[in-house]
Structure formats: structure tokens, C-alpha cells
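Undergrad: As you go down the protein sequences, you meet chains A and B in turn. Those letters in the first sequence? Residues 471 to 725, per this note's numbering, in order. Those letters in the second sequence? Residues 769 to 1128, per this note's numbering, in order.
Take every hint as true, because none was put in to throw you off.
For lysine to aspartate or glutamate, the following EDC-like pairs were computed, each having C-alpha atoms within a straight-line distance of at most 20 Å: (1) B:Lys976 / A:Asp509; (2) B:Lys976 / A:Asp558; (3) B:Lys1049 / B:Asp1020; (4) B:Lys976 / A:Glu482.
Simulated DEER-style distance windows between Cβ atoms: (5) A:Glu627 / B:Pro963: 50 to 58 Å; (6) A:His675 / B:Leu888: 37 to 45 Å; (7) B:Ser1008 / A:Gly621: 54 to 62 Å; (8) A:Glu635 / B:Asp967: 41 to 49 Å; (9) A:Glu627 / B:His818: 44 to 52 Å; (10) B:Glu979 / A:Gly621: 44 to 52 Å; (11) A:Glu635 / B:Glu1006: 47 to 55 Å; (12) B:Leu998 / A:His490: 24 to 32 Å.
By construction, these hints were calculated from the structure, which means they are not laboratory data. These numbers come from a predicted model, not from an experiment. Where is the CB? At the ideal position from N, CA and C, for every residue including glycine.
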Amino acid sequence: MAEAQVVFTPPESLSDTLMHYCPGCTHGSLHRLVAEIIDELGVRESTVGICPVGCAVYAYNYFEVDMIEAAHGRAPAVATGVKRVRDDCTVFTYQGDGDLASIGMGEIVHAAARNEAITVVFVNNGVFGMTQGQMAPTTLIGQKASTAPAGRRPEHEGFPVRVVEMLNALEGPTYLARSSMASPRWIRDTKKKLRNAFKAQTEHHGFGLVEVLSSCPTWWGMTPKEALDWMESTVVDYYPIEEFRALPEGDTEGE
Amino acid sequence: MSDNGDARYGEPTLVKGNEAICEGAIWGGCRYFFGYPITPQNQIPEYMSHRLPEVGGVFLQGESELASINMVYGASAAGARVMTTSSSPGISLMTEGISYLVASELPAVLVNVTRGGPGLGNIAAAQSDYNQATRMGHGDMPMIVFGPNSVQELYDHTAWAFQLADEARAPVLILADAVLGQMMEPMRPRIDDHPPAPDKPWATNGCKGREPNVVNSLYADHDDMETVNLRVRQRYAEASKRCLRWAEHQTDDAELLLVAYGTSARVCETVVTRLREAGTKAGLLRPVTLRPFASERIGELAEQARRVVVVEMNMGQMVDDVRLAVNGRCPVDFTGRTGGNIPSVEEILTAINEHSPVAG
Ligand SMILES: Cc1ncc(C[n+]2csc(CCOP(=O)(O)OP(=O)(O)O)c2C)c(N)n1
Ligand code: SF4
Ligand SMILES: [Mg+2]
Chain A
471 MAEAQVVFTP
481 PESLSDTLMH
491 YCPGCTHGSL
501 HRLVAEIIDE
511 LGVRESTVGI
521 CPVGCAVYAY
531 NYFEVDMIEA
541 AHGRAPAVAT
551 GVKRVRDDCT
561 VFTYQGDGDL
571 ASIGMGEIVH
581 AAARNEAITV
591 VFVNNGVFGM
601 TQGQMAPTTL
611 IGQKASTAPA
621 GRRPEHEGFP
631 VRVVEMLNAL
641 EGPTYLARSS
651 MASPRWIRDT
661 KKKLRNAFKA
671 QTEHHGFGLV
681 EVLSSCPTWW
691 GMTPKEALDW
701 MESTVVDYYP
711 IEEFRALPEG
721 DTEGE
Chain B
769 MSDNGDARYG
779 EPTLVKGNEA
789 ICEGAIWGGC
799 RYFFGYPITP
809 QNQIPEYMSH
819 RLPEVGGVFL
829 QGESELASIN
839 MVYGASAAGA
849 RVMTTSSSPG
859 ISLMTEGISY
869 LVASELPAVL
879 VNVTRGGPGL
889 GNIAAAQSDY
899 NQATRMGHGD
909 MPMIVFGPNS
919 VQELYDHTAW
929 AFQLADEARA
939 PVLILADAVL
949 GQMMEPMRPR
959 IDDHPPAPDK
969 PWATNGCKGR
979 EPNVVNSLYA
989 DHDDMETVNL
999 RVRQRYAEAS
1009 KRCLRWAEHQ
1019 TDDAELLLVA
1029 YGTSARVCET
1039 VVTRLREAGT
1049 KAGLLRPVTL
1059 RPFASERIGE
1069 LAEQARRVVV
1079 VEMNMGQMVD
1089 DVRLAVNGRC
1099 PVDFTGRTGG
1109 NIPSVEEILT
1119 AINEHSPVAG
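With the rest of the complex left out, here is chain B (with noise of 0.2 Å):
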């Protein structure tokens, strides 16, 4: 979204990942912040509970992950614009009240750094809440994911999800990871205005002046429930026009396509110049949006391609979407490693080299 001659974006600086959404978060209009502590996001509620203030917003620590988020569900249920960021032990805790956000059609932006799981775990980086993201909370619910793979799409991503949100009245969740959040890389902040909020005549704020509203999940009729889950269906697919992205690294002549996000999408683009330097037409497609999933693209380049890859910090989790999107084309193989493990880019080599009839 940024680019050297975009007036915009003012001089880089030096920013820290977990930063970047704070600030992201400030230029997109966010003024409220409920979060509990979790490693390897501490920085994000440290940040805020100074910044904040000084831009008249709130920053609040909850008791926990689960006050929290019904602290946010509270204060978009109000009008506000309001975030919570968490760590992948803190999102399954705050998943109930997550599907309560899309049931009653209230916006807030949610941040995953994930760790390595599952259970404890640790603070490595990891992509093993990809299926949680992108197939988050109990009910029939469609969730808007992103998956950032700079210091700068951290900031981007953040301070469009507020505007996302607004507009498709729901909650969008960016995925990122440790090493994303840990990680200073040079930033262009935003020099303009972010665009105006949208009017919110359902807001829950007293009802001087008109009828009472109500902000609420349970329709107790099946066509009633039906009706609202359409309602917000429709309005995720209209979001998802506006908001699908990938990214495309040397996929023009791909017989060889890398998919891969975020931190492991940074490894393949070494992986794939080190293909190319041996002679493999190799190429990379970056999914940015992680849900809506850019399933189209994939399918299109899969036709030219003679086998695709499929790389992630997990045991295979976005391997199934890519294979759907494939729709038996070519073969879909996967290479990755677990636990808070990032594959190296010689290990991706020796994975696509040991079955491959492209690069063997």
C-alpha cells in the first residue's frame, strides 16, 4: 500500500513491529484499547497505555482476556473504534465473545502475535492459528483476516482494519507473529487523515431523540437467525471485494509456485531466488488477506504451474485452502516446521528438492 512516491506516507523511521500497530491502530481512529498481558504482544498495551491519553483516547488493562474483549464488545456496542491485541492462548479465550462481535454486528480490530503451541506453548514465532483465525468462533461466521509480513503491512493493515470494520460492521483479526512483532524494520508512517467514521444510528448510547436500540446475538427463531447471518455474509462478501490482496514474487513463467504468508512468505523469496539461480522457474504468491483468500489467483497460476508448495510455520494449516483453490490441477505439497520453528531456506530446498520432478 505504500510506495516511495505516495504523499500520504511521510519519512521512514525505525519502528518495532508491535509499535507499528499501535500507531496504525492511532491513525485509523482508534481511541480505545481493553487488553491483558500476554508475551509476545506486551509492547502493544505498554505503548497504548501511554499513547492513548495523549490523543484523548482510554486505555484499560481487563482482569483478563475474557473481560477484555466484552469490554471491547461494550465500547464498539457505545460507537467507539477500539482494539485488543493477544497472544494465541489469550484469542481462544476471548473466541465466545468474538462470535458475539459478528452475531451482533459491532466492528473492533483484533491482533494475534501469535506463539508456538499448542497449550502453553512459547514465545517463539509461529503460524499454527491460522485455522483459528480463519475459521474463528462457534456459529456460521465469516471473519476478515489479515496476514502482514512487514513492520509497514503491520501499520497498513492496522489502520485500514478500523475503516474494514466499520464498513462491514464486523470484527477483523490481523495474524501476526513474534518475530513480526519483535522486529524493527524502517516505516512510513501515514501524514494524512484517515477517513471519517461512518455514522452508527445503531449504536448503543442512550436514545435521546429516538426509539431505543438494541445490540444483541440471540434470535431465538430460526429464520430470524437466519436472516442476521445473511445480513452478515453478505456484508463480509461485499468487505471482501474491497479488501482481498496477495502478493505475487516472479510468478509470470512459475512452473514451480511457493505460497506462503508472512514470516515464512520472507524466507520463500530467498527460496525462490536460490531456485532460480539453479534454474527452476520458481515463483511466490503471498496471500495478504488471509480470509477472504485469494483462491481465484491461485487456481489461475496453477494452470502454468507443475507443482505448487505450500510453506508455513505449522504442521499444514493454509495447505488445504491452497489444494481447494488448486482443485487438483497440479500436485500441492507442503513443507513446514512446528512448535515456534521457522523453516530455514535451506530445509525448504532439501523438502522441494527430495520429491520434487521440478527442481530435482
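Bound conformation, chain A alone (with noise of 0.2 Å):
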């Protein structure tokens, strides 16, 4: 018999934790994605990371780098006080849409226009996971939420936000993009974003951001596989999957 041979090996970056997301949620899979590309660009010891409060707040037991734990919303600012004392460090935010298009709005667009040398990572899944599926900034209109019972009403409750478009009205930002966890296609898609987002902190010391569209399989009510499959047929028509601003010339790897 051939000896056994390694052929895949999880992320330095990543720690062997069992992870406490739902069946189904992709919460897990981009936190791999980040995790290898922080091994990729070898810079795992020189990485502090700040996870959100929401459902990936635990996301310090799952990532093998420095971590900090911010409060609702703030982490671009906290970022913000890291990066500029160790400006030698990799830092990154890792946010979903309550914690950034909500509470923290203010700090995402104040760092975004300082052109702050972080990057971040927004996870859009339209609703809030943690506190048990209430309406997000970012749920769609007639899509229902336990604070949205009938589902959202624009005449009520406002149109949902597009938080790239939004950023891409701003001088500062490096770079900016949308991508999806959909299926294997666009998670090598947003793989390919994320490793800007982060090139733009690492050889442009600027903002990078990725909106990453995820799904929320336990309050969107559909099992796994449903909740993939609306992504890919209802929520990219509001939320177009786009690099909306490139890497200066000649580095940018995007599909």
C-alpha cells in the first residue's frame, strides 16, 4: 500500500475549535477563507484581529492570531487605535451587518474616508443572527424579520442599504467590493476580493473592504441549501457582486 501522503492541512491561522455556528450558516467558510490568506501573506504573528459583537463574536476562539473582542459596532475603531500604535501590524475587523450598517456606521464610513490602513471584512446576511433574526439595514424589502413580521415595507422601515455603494462616494477607501458565498464559483471570487482587501492594507497601506453577501439559513427560515439558492436568484439583484474599486494599477486579482 502507497504511504499515506499529506495533501491538505487547515490554516495556521485557524484553530481547531469547534465552532458554534448553525448547520448551514457561512459564517464558518469565510473565516477559512481569511484564515488562509493570512498564511498566504505570512503575516499570521503580525496580525490582530477584532471580531463584532453578533454572531461571529466568538470569532477570537477560532482565529490562531491576536484578537480583540470590540464592542457593538465600534471595531473599526478600535482597529483604528491598534493600527496606529503598531502600524507595523496586520489588522482587520471581521463585522456583519447589524455591527456595521447599524450601530457602527459611523465608524465604518469615518475609517473608510480616513483611508485607515485596516481591512475589513463585512458580512451581509440581511438580517441579525445573534439576536435572533431581527430586521438588518441590509434585509430586503418584503423579506420577513421577527421585528418585520410582515416582511420589510419601504414606506415603513426604509430601503435596504447598499454599504459599498455607499462607500464607494468616499475620496479615501483603497478598495471595495462585493462578493458572495453562494456557491464554490464565488467563494473563489471572494477569496480573490478578501487577499485585495487585505493587499490593500499590506502594499497600499489603505482601506480594504469586501461585503461578503452570507446566509442565515435558522432566520431566514430555509434550510441550507434553499438559503444558498436565494441568494443566488433574489438577494445579488439588489446586491450586485462587483469589484467597485480596484487595487491601483496592475495588482488587483478579481474574477
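Taking the hints as your guide, dock the two standalone chains into a single complex.
TA: Written out as C-alpha cells, the structure reads:
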């Protein structure tokens, strides 16, 4: 019998702690992509990650790098504090849509405007996962939530916020993109965009953000498969997958 | 802390209170400042914006007090000596972040140059944030609070606060007011070197050569949270033993004991003189740290006193702590002005005389 060969290893930047995410939730795969990129860039030992308040609050148990747990919405400010003290560190935040686009809208806009040299992984699952499915600023028109039982009505709750397009109005940011976790093809695209968002920091000393469309089968009331299908069929109609601001000439990897 | 014979201090110069805070911070090793403008403390961020780069530090104006306190949180987590300053409404906005600093065991120095309130209030001097400062924050958290009453003390307390915060792994708050911040007095700067900052093996600044660190205030397990709370309280208790301060003025034979801190204590010194001239054995105890509080000493002095009068620039906040300290040994009365007013010597004397068996 041929000798066993190691052909696949988990990323060094990811711990082997069992994740607490629901079955079919895309938070876990997204963690893995981030960890792979940290490994590939060789910055694990100089990385500081900031976790949000949201389902990813325990991310400090999953990344094998120095981690800070920030107050709800304030991760970009915390990241700014770290980066201004330790410019040699690679600093990233990992934030949900309630965290970043609702309570923390001020911090993300100003971090982007300053072109703060940090990387932001923005998880748009259209809902407050952690607190049990309330409406998020990103919840689609007609989409039901525990605080919008009849579905979001534009005349009452207003329209969902397209964060990347909004940040794209700013002069500051170095890299802005939207991607999706709906299928292997889009997951590969997400990884490329995330790498660009890290390179915006490590090579261009600027702000990089990827809005990653993600699923929350639990509070969408769908099976994991239905959730991914709904992302492909419906969510992308409102949130186009695009690289809105590429890295400076010749240094971008996107589909 | 400073006196004329102290070789650690240089020659006196005339300095404004808000600038004394800045220079005290620089001497104390502060190299990072994040803050949002609010009167009456704007000279602090303005001064720091040119002064910090001169010593290799960083000043950054946050987009709000929420952002600023969380920038402080990040900088402290990365191992820096860092401060922010604000005034009453701004401190209200920072309060969540201050609670996070306590729970995450992060040092930082905070200054509240208090203004009249509640609400937007006004920019006059007040002591109306005493309760907010000493009972700061959600959760079961202690807070070290200084109550300086001169430009020299603003300097000294701020300078010391950085060391104390590092040792206690906790935020330290300086509770000043608009008068202290704006006034000019002779101040002697430190000319010796500040003590070296302790090692911070817990800092999150890249895990090269060690296991990753985590800075966190989430403890889903009740017993874990209790363990952290007890540890934080233990460090606070140890720091309290080292930092508890008060000052006494003519208390030896005092039958009428005034208790006041900060600006109102300055007024009370004159009140004591006037009462003594009129034949009343009056004295003043001035808490210098507001938390920890000089409860034991106030209790001792209440043994000999026939009455205690607490004077504040609010409607009666510290008086509750004084009543607890006196614990029924003698009556405790209160007089004060609110809304940004400072009680005058005459007003205090009238209040004392109106219902005083001692002075009346
Ligand atoms: C100051 C404050 N307000 C509210 C909360 C409650 N809270 C916790 S997580 C959350 C929403 C999280 O949603 P999101 O950021 O979309 O993350 P997800 O769980 O969907 O990944 C809220 C409102 C809190 N912890 N702190
Ligand atoms: S609640 Fe939603 S976002 Fe949170 S872990 Fe479950 S599926 Fe994921
Ligand atoms: Mg969400």
C-alpha cells in the first residue's frame, strides 16, 4: 500500500476549536478564507483581528492570531487604535451587517474616509443573526424578520442600505468590493477579493473592504441549500457582485 | 505631591489647567490621544495635536466620543499609554466603552472637564458628574477617580494616572471642571524621568514567539464573569490602598467639619477662615481621590465634630458618600449651587448659619 501523504492541511491561522455556527451558516467557511489569506501573506504573527458583537463574536476562539473583541459596531475604531499604535501589524475587522451598517455606521464611514490602513470583512446576511432574526439595515424589501413580521416595507422601514456603493462615494478607500458565499465559484471570487482587501493594507497602506453576501438559514427559515439558492436568485439582484474600487493599476486579482 | 524642596520638580511657570493636563500626560508617558472636541476642554485636543508629534506620539481626532473611546480601547489593547478627554455629555457617550475597558482589564486615562447639566447644559464649571464618575458604567465595575483642585494637581494627577492605570490594568478618571481647566496658576513640572511602564505580556500586537492573546469582555459562563469581576475588584482594592488621598485644613480641633473637593473646596478654605474669625472651630477635609474615598478619615473626624457640612457644585451627590462615612455620628448637612453656579463664601456661610447649632 502506498504511504499516506498529506495533501491538505487546515490553515495555521485557524484553530481547531469546534465552531458554534448553525448548520449551513456561511460564517465558518468565510473564517477559513480569511485564515488562508493570513497564512498566504505570511502575516499571522503580526496580525490583530477585531471581532464584532454578532454571531461572529466568538471569532477570537477560531483565529490563531491576536484578537480583540470590540463593542457592538465599534470594531473600525478599535482597529484604528491598534493600527495607529502598531503600524507594523496587519489589522482586520470581521463585522456583521447589524454591527457595521446599523449601530456602527459612523465608525465604518470615517475609517473608510480616513483610508485607515485596515481590512474589513463585512458579512451581509440581511438579518441580526445573534439576537434572533430581527430586521437589519440590509434586510431586503419584503423579506420577513422577527421585527418586520409582514416583511420590510419601504414606506415604514425604508430601503436596504448598499454599503459598498455608499462607501464608494468617498475619496478615501483603497479597495471596495462585494462578493458572495453562495457557491464554490463565488467563494473562490470572495477569496480573491479578500486578498485584495488585505493587500490594500499590506502593500498600499490603505483601507480595504469586502462586503460578503452570506446566508443565515436559521432566521431566514430556510434549509441551507434553499438559503444559498435564494442568495443566487434574489439577494444578488439588489446587491450586485462587483469590484467597485480596484487596487492601484496592475495589482488586483478579481474575477 | 509637589513642594518647593522636591528635587523632582523644576521651576514654576504660569500654566493653564487644560495645558497642565497635557503636560502631565506627556510626562506620564502618554503618546496617543483620541478625542472629540467639546467645550470647556478644547485646549486639550488642540494642544495634544501639536505636542504629541513632537515626542513621537500620535494625535487623532475621532469622529465622535463613541469612536474616540474605542480608539483608546484599541490603542490600549496594543500596549500603548493612551488618553482621551471630554466633558459631561461626551463622557455619557463614552460610558459603554469605559465599561468595556474595565471588563477587558485595559489601562487608560480619561479626563472629564465637567460642565453644567443635565442635557446640553452649559459650559460653566460644575460638579454634577460626581455620581456618574464614581458610579461609572454598566455592570459591576469599580473606577479610580481623582478630584484635583489646582493646576498643579491637574498636572500631578494626570502624570500619575498613567502609572496607576498600568498597575491596576484599569482606566483612571480625572474629574476636573470648567474653572480648573481654564484658570492659570503657577505650576512646577516634573524634571525627573517617569517610571518605566510595566511589561504588557497580555497586549494584542502580533503573536510572534508566543500563543495568541485575546482582549475580551465576553464571559458567557457566570462563574467566569464572576472570577473576572473579583480579579478586577482585587486590583482596584490594591491600587486604592496606594492612591487614596485627601487633604485637611484646620481639622485638628474642628467641631464644624466642611467636606468639599475640587473648585468648591477652594471656596471652602475661605469659609473656614471666616468661621474661625467668628469664633467657630471649623475645618475642611478635601477628598483628593473621589474613589477610593476617604471614608475612614471622615468617620474619625466625625467623632469630634458636632456637625458636618458638605459643599458641592450640584444638588447633593458626594454628600451621600459623606453620610455613609459619618454613619450617624453627627448630623450631615448639604449646601450647594447647581446649573453651573459656584456657591459663594457668603452663600455657604448663610447656609451654615441658617440651621447651625455650631456657627449660629
Ligand atoms: C450596544 C449594544 N446594542 C445591542 C446589542 C445586541 N446585539 C448583539 S448582536 C446584535 C446584532 C448582530 O447582527 P449582525 O451584526 O448582523 O451579526 P450576525 O449575528 O447577523 O452575524 C445586536 C443588536 C449589543 N450587544 N450591544
Ligand atoms: S443565526 Fe444565522 S448567522 Fe448566526 S450562526 Fe446561525 S445561521 Fe449563522
Ligand atoms: Mg447579520
